[in-house]
Amino acid sequence: MKSYLRPYAGKLVVSWLAALLGVCAGIVFPLIGKEVVDGPVRSGDEGALVSLGLVAFGVGVAEALMIFLRRWSQVGPVLGLETRIRDDLYAHLQRLPMRFHGEWQSGQLLSRATTDLSTIRRFLGFGLLFLVMNVIQLTTVTVVLLNMYWPLGLLVAGSAVPIIWVSLRFEKQYIKISRQVQDEQGDLATLVEESAIGIRTVKAFGRRRHVYETFVKNAEKLYDSSMRRVDLSARFFTFLEVIPNFTLALVLLLGALAVGTGGLTLGTLVAFTTLMLQLVWPIASMGYILAMAQESMTAADRVMEVMDTVPEIRGGTRTIDDPRGHLRFEGVGFRFDGKPVLRDVWLEVRPGETVAVVGATGSGKTTLTALVPRLLDVTEGRVTIDGHDVRDLDLSVLRAVVATAFEEPTLFSMSVRENLTLGHRQATDEELREALEVAQATFVYDLPWGLDTRIGEQGMSLSGGQRQRLALARAVLAKPKILVLDDTLSALDVETEALVEEALRHVLREATGIVVAHRASTVLLADKVALLSGGTITHVGRHHDLLEEVPEYRELLAAEEVLA
Amino acid sequence: MTVTTTTQSWRGVAAEDKDEIPEKVTVLLRARSRRLLRDLLRPHRRTIALLTGIIVVSNAAGLAIPYLVAVGIDAGIPPMTRGEAPRTLLVVVAAILGAAVAQALTRQAFLKLAGRIGQDILLELRRRVFDHFQRLSLSFHEKYTSGRVISRLTSDVEAIAEMLQSGFDSLVTAVLTLFGTAALLLLLDLHLGLVALIPLPVLLVFTRWFRRQSALAYRRTRETVALVIVHFVESMTGIRAVQAFRREPRNQEIFAALNDDYRAANARSMRLIAVFMPGVKLIGNLTVAGVLMYGGWLAFHQEVSVGVLAAFLLYLRQFYEPMQEISQFYNTLQSAGAALEKLSGVLEEEPDVADPLRPAALPAPRGEVRFEGVRFAYVEDRPILPGLDLTVPAGQTVALVGATGAGKTTLAKLISRFYDPTEGRVLLDGVDLRDLEEPVLRRAVVMVTQENFLFTGTVADNIRFGRPDAAMDEVRRAAEAIGAHEFISALPQGYDTEVGKRGGRMSAGQRQLIAFARAFLADPAVLILDEATSSLDVPSERLVQRALRTILADRTALIIAHRLSTVEIADRVLVMEQGRIVEDGPPQELIGAEGRFAGLHRAWLESLA
Numbered sequence: 001m002k003s004y005l006r007p008y009a010g011k012l013v014v015s016w017l018a019a020l021l022g023v024c025a026g027i028v029f030p031l032i033g034k035e036v037v038d039g040p041v042r043s044g045d046e047g048a049l050v051s052l053g054l055v056a057f058g059v060g061v062a063e064a065l066m067i068f069l070r071r072w073s074q075v076g077p078v079l080g081l082e083t084r085i086r087d088d089l090y091a092h093l094q095r096l097p098m099r100f101h102g103e104w105q106s107g108q109l110l111s112r113a114t115t116d117l118s119t120i121r122r123f124l125g126f127g128l129l130f131l132v133m134n135v136i137q138l139t140t141v142t143v144v145l146l147n148m149y150w151p152l153g154l155l156v157a158g159s160a161v162p163i164i165w166v167s168l169r170f171e172k173q174y175i176k177i178s179r180q181v182q183d184e185q186g187d188l189a190t191l192v193e194e195s196a197i198g199i200r201t202v203k204a205f206g207r208r209r210h211v212y213e214t215f216v217k218n219a220e221k222l223y224d225s226s227m228r229r230v231d232l233s234a235r236f237f238t239f240l241e242v243i244p245n246f247t248l249a250l251v252l253l254l255g256a257l258a259v260g261t262g263g264l265t266l267g268t269l270v271a272f273t274t275l276m277l278q279l280v281w282p283i284a285s286m287g288y289i290l291a292m293a294q295e296s297m298t299a300a301d302r303v304m305e306v307m308d309t310v311p312e313i314r315g316g317t318r319t320i321d322d323p324r325g326h327l328r329f330e331g332v333g334f335r336f337d338g339k340p341v342l343r344d345v346w347l348e349v350r351p352g353e354t355v356a357v358v359g360a361t362g363s364g365k366t367t368l369t370a371l372v373p374r375l376l377d378v379t380e381g382r383v384t385i386d387g388h389d390v391r392d393l394d395l396s397v398l399r400a401v402v403a404t405a406f407e408e409p410t411l412f413s414m415s416v417r418e419n420l421t422l423g424h425r426q427a428t429d430e431e432l433r434e435a436l437e438v439a440q441a442t443f444v445y446d447l448p449w450g451l452d453t454r455i456g457e458q459g460m461s462l463s464g465g466q467r468q469r470l471a472l473a474r475a476v477l478a479k480p481k482i483l484v485l486d487d488t489l490s491a492l493d494v495e496t497e498a499l500v501e502e503a504l505r506h507v508l509r510e511a512t513g514i515v516v517a518h519r520a521s522t523v524l525l526a527d528k529v530a531l532l533s534g535g536t537i538t539h540v541g542r543h544h545d546l547l548e549e550v551p552e553y554r555e556l557l558a559a560e561e562v563l564a
Numbered sequence: 001m002t003v004t005t006t007t008q009s010w011r012g013v014a015a016e017d018k019d020e021i022p023e024k025v026t027v028l029l030r031a032r033s034r035r036l037l038r039d040l041l042r043p044h045r046r047t048i049a050l051l052t053g054i055i056v057v058s059n060a061a062g063l064a065i066p067y068l069v070a071v072g073i074d075a076g077i078p079p080m081t082r083g084e085a086p087r088t089l090l091v092v093v094a095a096i097l098g099a100a101v102a103q104a105l106t107r108q109a110f111l112k113l114a115g116r117i118g119q120d121i122l123l124e125l126r127r128r129v130f131d132h133f134q135r136l137s138l139s140f141h142e143k144y145t146s147g148r149v150i151s152r153l154t155s156d157v158e159a160i161a162e163m164l165q166s167g168f169d170s171l172v173t174a175v176l177t178l179f180g181t182a183a184l185l186l187l188l189d190l191h192l193g194l195v196a197l198i199p200l201p202v203l204l205v206f207t208r209w210f211r212r213q214s215a216l217a218y219r220r221t222r223e224t225v226a227l228v229i230v231h232f233v234e235s236m237t238g239i240r241a242v243q244a245f246r247r248e249p250r251n252q253e254i255f256a257a258l259n260d261d262y263r264a265a266n267a268r269s270m271r272l273i274a275v276f277m278p279g280v281k282l283i284g285n286l287t288v289a290g291v292l293m294y295g296g297w298l299a300f301h302q303e304v305s306v307g308v309l310a311a312f313l314l315y316l317r318q319f320y321e322p323m324q325e326i327s328q329f330y331n332t333l334q335s336a337g338a339a340l341e342k343l344s345g346v347l348e349e350e351p352d353v354a355d356p357l358r359p360a361a362l363p364a365p366r367g368e369v370r371f372e373g374v375r376f377a378y379v380e381d382r383p384i385l386p387g388l389d390l391t392v393p394a395g396q397t398v399a400l401v402g403a404t405g406a407g408k409t410t411l412a413k414l415i416s417r418f419y420d421p422t423e424g425r426v427l428l429d430g431v432d433l434r435d436l437e438e439p440v441l442r443r444a445v446v447m448v449t450q451e452n453f454l455f456t457g458t459v460a461d462n463i464r465f466g467r468p469d470a471a472m473d474e475v476r477r478a479a480e481a482i483g484a485h486e487f488i489s490a491l492p493q494g495y496d497t498e499v500g501k502r503g504g505r506m507s508a509g510q511r512q513l514i515a516f517a518r519a520f521l522a523d524p525a526v527l528i529l530d531e532a533t534s535s536l537d538v539p540s541e542r543l544v545q546r547a548l549r550t551i552l553a554d555r556t557a558l559i560i561a562h563r564l565s566t567v568e569i570a571d572r573v574l575v576m577e578q579g580r581i582v583e584d585g586p587p588q589e590l591i592g593a594e595g596r597f598a599g600l601h602r603a604w605l606e607s608l609a
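First to last, the protein sequences are chains A and B.
Just so you know, this note's numbering puts 342 at position 342 of the first sequence, and the rest follows in order with no gaps.
Just so you know, this note's numbering puts 211 at position 211 of the second sequence, and the rest follows in order with no gaps.
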């Protein structure tokens with residue numbers, strides 16, 4: 001936190017000084033009026049009236065100026081802090097591995113990056129200043145009161161005891177409830193997100209009511225906790241107002257007795273009560289400010305929860321100057337939540353060679369491919385490229401060597417061009433065309449604005465086959481040494497698939513390839529086939545040999561049932 | 001290249017937000033927002049009236065305390081110094097205690113009631129907007145993106161909540177004080193009172209300026225924060241591609257630029273307040289100073305009494321103080337106003353696919369589908385379907401074949417009424433789809449796509465999405481029917497296994513099987529399978545196909561598949577080309593003929609190798 005504020009130290013000092021001076025000017029200003037009434041008006045001194053009037057103008061202007069300075073100089077630090085934390089949070093989230101993102105809903109992350117950070121900003125910009133000002137004002141006034149007449153002053157100071165006691169209790173409860181509210185807000189955001197992204201499924205099944213009811217149930221839960229928070233703060237706020245008023249009544253009573261017995265002059269009592277009246281507002285407003293402080297603490301906790309998560313997958317330092325793309329899996333195992341997914345996988349793919357990975361649904365094929373660009377990390381053994389453990393390689397170097405075309409292509413709501421050049425920003429139009437031709441995706445040139453057409457989020461307006469071809473073009477465009485095709489052709493029609501495969505053969509001659517496949521036609525892209533079964537590779541060989549020798553393989557890849 | 005231009009190119013050509021909007025439109029937008037706000041507040045009319053009453057009592061009690069203290073000192077103490085019984089003092093002290101209690105009670109009632117209204121409206125708004133988003137058609141969602149939906153339902157709704165919670169109190173108090181004080185000033189001394197009110201027009205002009213400027217500034221804040229949210233959500237949703245393709249630095253650049261735009265927008269509105277608040281203070285202080293001199297001069301010439309002058313100075317201070325409160329309220333109001341503007345805009349959107357005015361009944365759908373002269377175009381002069389006539393008798397299984405872009409999916413989407421035809425009509429059992437209410441249509445027609453979206457929850461929850469009231473038994477039977485039971489039982493918690501965020505813990509093939517079970521459980525009269533088996537391995541696909549034979553026996557089915565293996569179970573094959581049906585007949589017949597299908601079939605056989 002300190003490091004975030006440091007660059008703004010100068011401005012912050014200005015802002016706090018201005019705040020202090022502003023308060024002083026605010027106190028002095030009414031005193032001038034009193035001077036005028038008591039002085040020139042009674043004495044009839046016209047000159048003094050003018051000069052006091054001018055002082056009043058001066059102080060009035062000064063007060064406004066100080067308020068202006070305080071607010072103006074605060075803009076930079078407060079917003080700068082918020083913006084920088086948000087930037088850092090985003091950067092951190094981009095660094096965190098897939099495993100983290102698989103567990104954390106983006107709604108929860110979003111509410112941290114927006115609502116929570118704004119809460120912190122508001123507290124720093126407003127709450128903190130007034131918290132300090134209030135405390136200063138309260139202690140000063142109390143000290144003055146003690147000096148004025150200590151028995152009554154002690155009474156006033158004593159009234160702080162119940163206030164502090166209740167405040168502490170309030171804080172404990174408030175932290176809990178506001179944390180709950182904030183978490184539930186995140187949950188609600190998650191539901192909204194799912195309902196928006198899954199809108200097609202919701203519509204296809206006509207489950208609007210169902211989704212709506214789930215949402216309302218959660219919104220009502222949030223409503224209940226919010227109401228509990230409202231009730232709690234309502235009780236606390238009023239308590240804070242009652243105590244000083246009760247004390248005031250007591251002071252008046254005891255003070256009057258003291259005046260009666262001659263222990264206190266009337267004038268002092270008047271001054272005493274007038275000053276005490278000035279305490280009511282700062283105490284009452286403490287409730288609001290404390291609540292704000294609590295909320296921003298919980299918000300900060302929530303943000304730190306994410307910031308403190310150490311990215312499990314961090315890049316090494318090694319680079320490969322001239323990668324050949326020699327890929328080896330050496331006794332690789334992978335466990336997810338303690339459950340073994342892969343074990344003792346040995347596989348070698350030489351430069352320029354292509355291997356097809358075949359296995360039943362859910363056998364771990366995608367996991368295996370994700371280990372290469374370190375979207376996941378092995379839990380046993382190692383994966384090497386050109387003899388280097390992938391964990392020793394600089395992440396951006398590694399991910400430049402490996403490119404993956406996923407089965408479910410992720411497209412972003414930006415232009416086709418930007419979607420394609422995700423991994424290779426300097427790509428020329430010529431290179432783009434080549435990649436699009438390989439992927440049989442030249443349809444993009446026919447879109448309304450060609451390559452500059454903005455495609456909807458997740459490419460919703462494109463067909464599944466079109467999206468897969470774009471994802472393939474993206475991977476091909478990156479010109480990787482190792483190309484991973486994770487069942488990328490599944491949504492293509494037979495003719496297109498044949499064309500794509502033909503073109504891919506050329507690409508794969510230059511690169512090391514891993515092809516996850518369900519179909520014989522795709523398997524034929526590869527020089528050899530690895531059969532994944534029971535979490536490990538049981539057979540490696542040529543397609544036709546495996547077809548003959550391994551019953552399990554035959555079962556998986558034998559020709560689809562042909563029309564009789 | 002500068003950051004701004006790259007941000008522009010990132011946004012593509014179809015950027016929908018306008019920074020500058022003409023005055024006329026602003027007026028319209030404001031009226032629309034006000035309508036929504038009124039609409040939201042209407043059910044709480046009585047409570048709001050009650051609240052106003054409570055605030056008056058609460059403020060009166062609060063103001064009475066200093067007055068009572070003064071009375072206590074002036075009238076309560078003298079008798080005591082004279083040695084008399086402290087009766088007056090005790091009465092006053094009791095009155096102070098009473099006032100304090102009254103204030104506390106009313107204050108608490110106020111906070112709770114105001115909080116309740118705020119939360120009620122918030123809940124209502126969430127419900128309304130969420131429901132409306134769900135109602136809006138796919139064509140809307142395809143353009144609007146989920147990030148915006150999220151932004152509307154989170155940050156915009158929260159802005160309104162904030163106004164309702166904190167704004168009301170300060171507004172009512174401020175307005176009361178403002179008018180009360182003005183009246184008091186004029187009553188005290190008309191002449192001096194009028195002088196003291198001279199700066200009022202200046203203040204009004206100043207406020208007007210501020211209002212205009214800050215409306216713009218807040219609108220900009222809402223827009224920029226929405227862009228931050230959209231980018232944030234998209235990059236977190238697609239984090240796998242981001243990391244795999246080293247998109248992080250570029251993303252960081254874009255995010256930093258958007259975040260900075262947001263910062264700049266916030267800075268602008270904060271600076272406006274930084275000018276406005278002290279500006280009001282300045283006008284107030286100058287007035288007080290002016291009244292001080294002029295009043296002093298008047299008092300000097302005995303034209304006003306000293307007491308009146310002293311009172312004037314006290315009250316004048318109070319007079320300008322609420323202006324700050326009001327402008328503070330204006331801040332929250334502006335930010336809520338900008339949010340209201342967006343939300344009312346969303347609520348104004350009509351679903352392209354509208355609910356019927358006079359819904360037709362469809363008690364027991366048989367599943368006969370008919371296209372009559374259907375023309376459909378996403379873009380005006382580029383029809384996907386130029387004109388289609390087709391009848392699928394109830395119970396028939398039809399395979400749709402053709403190259404990508406031939407219009408197969410469009411045809412499927414028209415039957416499930418994701419879109420309405422541009423011309424002509426689509427009929428189910430002789431009833432125009434547009435005359436059917438959504439729940440009725442969805443019970444009859446279900447479409448399984450390649451997307452296989454899974455919601456956070458268990459496997460069973462996701463299958464049950466097809467029919468939320470289904471018993472566990474039926475869920476299991478559905479899974480068994482399509483051959484998913486085996487892999488589900490092998491999962492750590494079986495049917496109760498959490499699928500993870502968007503089904504992330506399942507493989508693509510497993511997701512597809514779950515989606516299939518879901519459709520089967522829904523038990524529709526018309527089932528549309530759009531590439532629904534593409535991610536399955538051959539044995540699973542075989543299982544599904546075997547299951548389909550029984551499943552499809554008594555219902556109409558439309559199957560789109562590139563793998564022609566599916567065609568085997570079809571009664572009829574339609575070959576599409578550029579939106580037209582070019583071949584139509586039973587599969588055997590078409591294979592025998594020398595048409596396009598025969599060619600496709602041969603190519604497919606070769607691909608099996």
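A hint or two may mislead.
[Claimed, not checked] Once the Cα atoms are required to be at most 20 Å apart in a straight line, the calculated EDC-like pairs of lysine to aspartate or glutamate come out as:
# : chain 1 : residue 1 : chain 2 : residue 2
1 : A       : 339       : B       : 469
2 : A       : 217       : B       : 577
3 : A       : 217       : B       : 571
4 : A       : 34        : B       : 303
5 : A       : 217       : A       : 171
6 : A       : 339       : A       : 322
7 : A       : 217       : B       : 480
8 : B       : 112       : B       : 189
[What the hints assert, rightly or not] A few chain B positions that, by computed beta-carbon distances, are all more than 12 Å from chain A:
#  : residue
9  : 35
10 : 36
11 : 112
12 : 142
13 : 193
14 : 208
15 : 212
16 : 264
17 : 349
18 : 364
19 : 410
20 : 439
21 : 491
In short, the hints are calculated from the structure, not lab data.
In this text the structure is predicted, and so the values were computed from the model without any measurement.
All C-beta atoms, glycine included, are put in the ideal place defined by N, C-alpha and C.
Going through the hints against the structure:
no., hint, result
1, A:339 / B:469, "violated, 33 Å"
2, A:217 / B:577, "violated, 47 Å"
3, A:217 / B:571, "violated, 45 Å"
4, A:34 / B:303, "holds, 19 Å"
5, A:217 / A:171, "violated, 28 Å"
6, A:339 / A:322, "violated, 38 Å"
7, A:217 / B:480, "violated, 32 Å"
8, B:112 / B:189, "violated, 40 Å"
9, 35, "holds, 23 Å"
10, 36, "holds, 18 Å"
11, 112, "violated, 5 Å"
12, 142, "violated, 4 Å"
13, 193, "holds, 17 Å"
14, 208, "holds, 20 Å"
15, 212, "holds, 20 Å"
16, 264, "violated, 9 Å"
17, 349, "holds, 14 Å"
18, 364, "holds, 17 Å"
19, 410, "violated, 9 Å"
20, 439, "violated, 6 Å"
21, 491, "violated, 9 Å"
Checked against the numbered hints above, the structure violates hints 1, 2, 3, 5, 6, 7, 8, 11, 12, 16, 19, 20 and 21; every other hint is satisfied.
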